[in-house]
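A.B. asks: Put chains B, C and D on the given structure of chain A with help from the hints.
4 protein chains.
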Amino acid sequence: MNITERLRKDADDIWKEIKEHPFVVELYSGGLPQDKFEFYILQDYYYLVRAIRNFSIISSKAESIDVMKDVTEILHLEAHSELQGYEDFLNRIGYSLEDAANIEPIPANVSYTSFLLSNSSLNSFEVAITSVLPCFWSYAEIAEYHSDKLKDNHNDLYKDWAGVYSTDSYLELVEKLKNLVNKTGKDHEYEDLKDNFITASKYEYMFWDAVYNKKKWPV
Amino acid sequence: MNITERLRKDADDIWKEIKEHPFVVELYSGGLPQDKFEFYILQDYYYLVRAIRNFSIISSKAESIDVMKDVTEILHLEAHSELQGYEDFLNRIGYSLEDAANIEPIPANVSYTSFLLSNSSLNSFEVAITSVLPCFWSYAEIAEYHSDKLKDNHNDLYKDWAGVYSTDSYLELVEKLKNLVNKTGKDHEYEDLKDNFITASKYEYMFWDAVYNKKKWPV
Amino acid sequence: MNITERLRKDADDIWKEIKEHPFVVELYSGGLPQDKFEFYILQDYYYLVRAIRNFSIISSKAESIDVMKDVTEILHLEAHSELQGYEDFLNRIGYSLEDAANIEPIPANVSYTSFLLSNSSLNSFEVAITSVLPCFWSYAEIAEYHSDKLKDNHNDLYKDWAGVYSTDSYLELVEKLKNLVNKTGKDHEYEDLKDNFITASKYEYMFWDAVYNKKKWPV
Amino acid sequence: MNITERLRKDADDIWKEIKEHPFVVELYSGGLPQDKFEFYILQDYYYLVRAIRNFSIISSKAESIDVMKDVTEILHLEAHSELQGYEDFLNRIGYSLEDAANIEPIPANVSYTSFLLSNSSLNSFEVAITSVLPCFWSYAEIAEYHSDKLKDNHNDLYKDWAGVYSTDSYLELVEKLKNLVNKTGKDHEYEDLKDNFITASKYEYMFWDAVYNKKKWPV
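If you're matching them up, the sequences are chains A, B, C and D in order. Just so we're aligned, residue 0 is where the first sequence starts under numbering that gives the first Met the number 0, counting upward by one. Just so we're aligned, residue 0 is where the second sequence starts under numbering that gives the first Met the number 0, counting upward by one. Just so we're aligned, residue 0 is where the third sequence starts under numbering that gives the first Met the number 0, counting upward by one. Just so we're aligned, residue 0 is where the fourth sequence starts under numbering that gives the first Met the number 0, counting upward by one.
Derived from the structure by calculation, the hints contain no laboratory data. Hints are supplied without guarantee of correctness; some may be wrong.
[Unchecked claim] Calculated lysine to aspartate or glutamate pairs in the EDC-like style (CA-CA distance at most 16 Å, straight line):
hint	chain 1	residue 1	chain 2	residue 2
1	C	Lys185	B	Asp186
2	D	Lys68	B	Glu72
3	D	Lys185	A	Glu188
4	A	Lys68	C	Glu72
5	A	Lys68	C	Glu86
6	B	Lys185	C	Glu188
7	D	Lys68	B	Glu77
8	A	Lys185	D	Asp186
9	B	Lys193	A	Glu103
10	D	Lys158	D	Glu25
11	A	Lys215	B	Asp208
12	A	Lys185	D	Glu188
13	D	Lys193	C	Glu103
14	A	Lys193	B	Glu103
15	D	Lys15	D	Glu140
16	B	Lys68	D	Glu77
17	B	Lys215	B	Glu103
18	C	Lys68	A	Glu72
19	D	Lys68	B	Glu81
20	B	Lys68	D	Glu86
21	C	Lys68	A	Glu81
22	C	Lys68	A	Glu86
23	B	Lys215	A	Asp208
24	D	Lys215	C	Asp208
25	B	Lys68	D	Glu81
26	A	Lys68	C	Glu77
27	D	Lys185	D	Glu62
28	C	Lys215	D	Asp208
29	B	Lys68	D	Glu72
30	D	Lys182	D	Glu4
31	D	Lys185	A	Asp186
32	C	Lys193	D	Glu103
33	D	Lys68	B	Glu86
34	A	Lys68	C	Glu81
35	C	Lys68	A	Glu77
36	C	Lys185	B	Glu188
37	A	Lys213	A	Glu37
38	C	Lys214	C	Glu37
39	B	Lys185	C	Asp186
Please read all numbers here as calculations on a predicted model, not as lab measurements.
Chain A on its own, in the form it takes in the complex (with noise of 0.2 Å):
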């Protein structure tokens, strides 16, 4: 097995809770309020902007110049067409990218991506890049479980958003990013890599999971 196939297996009994979570089980189905999807919509502004500062500290510490390339193309590609789209998506259902600006971010918005900027800051161009994984690539095995659902899902919404996710553009990212952990992590720091797979694919299943009972700060 190489390191990824060993994270994911690691990480089994936390992605089948995030496959099963009501979100997304609503989400792809049909069922979920709208209200909810709204919400996680807004949330999503400040997580994305969050995301692509990450990518950018992660390229600073590329050892190579070819995975320099390769997290600049990734890099590149959310700050501008993966931008774009969830501006296009978020003006379909009425707000502009100023309303998402504005919202405040919820705790295990917050948290989740301190998680991530703290690590990518502070720890090693491997450990940085493999807890960025659980987010793209459990994006990938949620659409391909759950797209039976999608054929019975009439709420257009829904199905263009989770489309996005079965696309070839997007699995080649997945891929990418699977190779860059594959290709730079080392076998003798796979319990480092694991820890941090680990982390940040509970801070997914807990996003979900806010998100859904619109979770705020308590004070």
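C.D. replies: The following block gives chains B, C and D in isolation, referenced to the frame of chain A:
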């Protein structure tokens, strides 16, 4: 009002909740179940080590040598006498430093410290030092606010633990941190300082709540 | 005067020396010995790779997403088309990218890039982006200043190399960088920006001088 | 051989040149013109302040709390007693700390410290701590190597300055740094450690040479 007075005022609602949190109240009155206290103390190791790392980052960002001298003084205090005091206390309740180092940090602990570390890594000295202030300052304010309760508290463990936060040396440390915020913070960046002071105060509340309820990872 | 106009004026004495440096003059007139040119081109690889890393760091420090989008655009350009153009040119003079990667960087190269990287790592976005400006901008100004010489230059290698720096796309890149400095720089930090613009300009001169004289490590 | 013994051996040619540099020889024999010595001492302030900042960064990168405790000890020493000793010496030759702070750093000073700071910011703890070792260690070796000369040196200023580097407390500091390199450096990264040890040694030589010849910016 200087900057720290404004910050304190703007966070007043949150600080009231912190001071009235059951963990804090029961600790000072003596009624806190010991298992909850031990849970807290064992979690504290991860927090303390990350706080020391955080002060190292903050020191590296000091604009002037005078500010850097102040921060290295605090950093040295944390890494040596504070850590030693923690170890002594830990031994007294039957645990070693190694026990504490092997405890899995709960989400509130990872999230709060990630927030602090990402802030210090990515933002200015002023923002970083402002973000650590709520932890230190609120401990002193709690100690003063509940000082009467402590007189009737017959749990020596809790009395000794709480006693630290009303000593002259602790109050001097808090003053030193407040001075650093007032000296380096600029008025035009007050909103940014406030946001971070408020968020750190919220995490401070959530940390008390998480250890009181032993909130572990949901998956 | 906006910030970049003030910076350019305050560095004028240094820029005059840059434009009149024998390496620059002989390159545009065609009289530069080819071994000096090759020495320069081979050193340039280390500079370029460190410059790409530097733009990654700078991107991570952008305050707004709009600024980050601009920087990721430049970063992508440097890491892909700029690096590709460099490799094509290298092949034309009989070297591979691997050859260039194996060249020991001279002190002026290590020093200049270390200055840029430490600046970006430790200082604000404004200081970091201001520090990279002299390299890009002076290349454009040199190309304009010596454009007449180029007409009588019969060395195709030098003509093609120099031709890049008067293309519309290159001039647009310089404008984009100047706009970033003018947009993010604040008047109250002008002295700090100036110090770094001047130091980078001095290193720019020293780099030309070092490659012209092939100044290696003294020990 | 442990790592520091290998590093020392691999840098032997450079260290011979350092020990025989006229600045060093004349300082220990007493013949160094005082204006050269003063030039050196005044430049040293910028170096010292950047070295303290550098140790802050290095501390933030320590993997274990034990290593962090060692580094914070050194950092505190540098920022307090070392800086105080420097100020006392400065006063003795008729300058204030403010005078030294207003001196423009020469290229060798900016370059060497930028190399150290960019290294610490971008690389691992091991690389960062290895890069600061040549400065500390070579001062001790110089003091031992020229100890006979010092007996016939009648310049109290030079004798007192040089005397510091053969004291037990200084030699302990050097041992502590060597231990940190040996404890954290891994064999598989030796080439990387060596490159940085060698480059720092070269900069060490160039710093002596630059202050002896008062080499300012060429433009």
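A.B. asks: It remains to establish, for every hint, whether it holds in the given structure.
C.D. replies: Taking the hints in turn, this is what the structure says about them:
{"no.": "1", "hint": "Lys185(C) / Asp186(B)", "result": "15 Å, holds"}
{"no.": "2", "hint": "Lys68(D) / Glu72(B)", "result": "13 Å, holds"}
{"no.": "3", "hint": "Lys185(D) / Glu188(A)", "result": "13 Å, holds"}
{"no.": "4", "hint": "Lys68(A) / Glu72(C)", "result": "13 Å, holds"}
{"no.": "5", "hint": "Lys68(A) / Glu86(C)", "result": "14 Å, holds"}
{"no.": "6", "hint": "Lys185(B) / Glu188(C)", "result": "13 Å, holds"}
{"no.": "7", "hint": "Lys68(D) / Glu77(B)", "result": "10 Å, holds"}
{"no.": "8", "hint": "Lys185(A) / Asp186(D)", "result": "15 Å, holds"}
{"no.": "9", "hint": "Lys193(B) / Glu103(A)", "result": "14 Å, holds"}
{"no.": "10", "hint": "Lys158(D) / Glu25(D)", "result": "12 Å, holds"}
{"no.": "11", "hint": "Lys215(A) / Asp208(B)", "result": "15 Å, holds"}
{"no.": "12", "hint": "Lys185(A) / Glu188(D)", "result": "13 Å, holds"}
{"no.": "13", "hint": "Lys193(D) / Glu103(C)", "result": "14 Å, holds"}
{"no.": "14", "hint": "Lys193(A) / Glu103(B)", "result": "14 Å, holds"}
{"no.": "15", "hint": "Lys15(D) / Glu140(D)", "result": "10 Å, holds"}
{"no.": "16", "hint": "Lys68(B) / Glu77(D)", "result": "10 Å, holds"}
{"no.": "17", "hint": "Lys215(B) / Glu103(B)", "result": "9 Å, holds"}
{"no.": "18", "hint": "Lys68(C) / Glu72(A)", "result": "13 Å, holds"}
{"no.": "19", "hint": "Lys68(D) / Glu81(B)", "result": "12 Å, holds"}
{"no.": "20", "hint": "Lys68(B) / Glu86(D)", "result": "14 Å, holds"}
{"no.": "21", "hint": "Lys68(C) / Glu81(A)", "result": "12 Å, holds"}
{"no.": "22", "hint": "Lys68(C) / Glu86(A)", "result": "14 Å, holds"}
{"no.": "23", "hint": "Lys215(B) / Asp208(A)", "result": "15 Å, holds"}
{"no.": "24", "hint": "Lys215(D) / Asp208(C)", "result": "15 Å, holds"}
{"no.": "25", "hint": "Lys68(B) / Glu81(D)", "result": "12 Å, holds"}
{"no.": "26", "hint": "Lys68(A) / Glu77(C)", "result": "10 Å, holds"}
{"no.": "27", "hint": "Lys185(D) / Glu62(D)", "result": "13 Å, holds"}
{"no.": "28", "hint": "Lys215(C) / Asp208(D)", "result": "15 Å, holds"}
{"no.": "29", "hint": "Lys68(B) / Glu72(D)", "result": "13 Å, holds"}
{"no.": "30", "hint": "Lys182(D) / Glu4(D)", "result": "13 Å, holds"}
{"no.": "31", "hint": "Lys185(D) / Asp186(A)", "result": "15 Å, holds"}
{"no.": "32", "hint": "Lys193(C) / Glu103(D)", "result": "14 Å, holds"}
{"no.": "33", "hint": "Lys68(D) / Glu86(B)", "result": "14 Å, holds"}
{"no.": "34", "hint": "Lys68(A) / Glu81(C)", "result": "12 Å, holds"}
{"no.": "35", "hint": "Lys68(C) / Glu77(A)", "result": "10 Å, holds"}
{"no.": "36", "hint": "Lys185(C) / Glu188(B)", "result": "13 Å, holds"}
{"no.": "37", "hint": "Lys213(A) / Glu37(A)", "result": "11 Å, holds"}
{"no.": "38", "hint": "Lys214(C) / Glu37(C)", "result": "14 Å, holds"}
{"no.": "39", "hint": "Lys185(B) / Asp186(C)", "result": "15 Å, holds"}
When the structure is compared with the earlier hints, no violation turns up for any of them.
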